[in-house]
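Could you build all of it, start to finish, from the sequences and the hints given here?
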Amino acid sequence: MASYLSAIAVLGVPAEVYMFGIHILYFYVSYPIGVVIASYVCLPVFFKSGGCTAYEYLEKRFGKLTRTLTSMVFLVQTMLYMAVVLYAPALALSAVTNVSIWTSVISVGAVCMFYCTLGGMKAVLWTDLFQAMLMFIGIFAIVIKGFSDIGFSEVFRIGYEEDRIAVPTWR
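Residues in the sequence shown are numbered from 1 upward in steps of one, following my numbering.
Treat the hints with care, since some could be wrong.
To be verified - Now the in silico label distances, taken between C-beta atoms and shown as ranges: (1) 113 to 157: 46 to 52 Å; (2) 152 to 18: 15 to 21 Å; (3) 55 to 159: 40 to 46 Å; (4) 152 to 8: 26 to 32 Å; (5) 34 to 129: 23 to 29 Å; (6) 63 to 42: 29 to 35 Å; (7) 158 to 124: 47 to 53 Å; (8) 107 to 154: 17 to 23 Å.
These are computed hints drawn from the structure, not numbers from a lab.
Think of the CB as a built atom: it goes at the ideal place given N, C-alpha and C, for glycine as much as any other residue.
Structure, rendered in C-alpha cells:
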C-alpha cells in the first residue's frame, strides 16, 4: 500500500483538499472498488487466455500493433509520472535544506536507485513498511494535535463554514 502513496499524494492531496475541498477523497474511496471489480472481471479473462498481463491479452485479441501501442502509452505515462514523483520530494528537500533543486533530484533518485538495486525487493518491502508506519503515525499525530488544540467540533465547523467538507453537487 505504501508503494501507491507517493510524494504526490502525501504533499499534494492535503493542498488539494485545502484549496478545493474534500472532493478528491472520493477517488480514494473508488480505488478499492475498482481493484475488486478488476480482480473479478479482468483477471479471470487474462488467466483463461493463457496470458499473465493485459498486454498479452490485447495482443491475442487485437494483434501485435495494439500490444505495442498500449505498451508505449504505458511507458510514456510511467516516465512522466515518475518524473513528478521524483520531483515532489526533491522540491521539499530543496526547500528545507537550501540545496539546489537539481542536487535534490539527483540525491533522491540516487538513494532510491541504490536501495532498490543493492537491497532488491526485500529492501523495497521493508522500506514500504517503514514508510507506511511513519505516514500513519504522522497522520494520526497531526489529527490528534489538531483536535486537541482546536477541538473536534470546531474543526468540522470551520471546515463546513469554509466549504471544505461539502458533498459534491455532481454538476
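Hints, one by one, checked against the model:
The hinted window of 46 to 52 Å between residue 113 and residue 157 holds, with their beta carbons roughly 47 Å apart. Between residue 152 and residue 18, the C-beta spacing of about 19 Å keeps the proposed range 15 to 21 Å intact. For the hinted restraint 40 to 46 Å between residue 55 and residue 159, the CB-CB distance of approximately 44 Å keeps it satisfied. Distance hint for residue 152 and residue 8: a CB-CB separation of about 29 Å, consistent with the stated range 26 to 32 Å.
For residue 34 and residue 129, the Cβ-Cβ distance of about 24 Å falls inside the hinted range of 23 to 29 Å, so the restraint holds. Restraint check, residue 63 to residue 42: a C-beta distance of roughly 19 Å breaks the suggested window 29 to 35 Å. The hinted window of 47 to 53 Å between residue 158 and residue 124 is violated, with their beta carbons roughly 40 Å apart. Checking the proposed 17 to 23 Å range against residue 107 and residue 154 shows it is violated: the Cβ atoms sit about 41 Å from each other.
Going through the hint list in order, the structure does not satisfy hints 6, 7 and 8.
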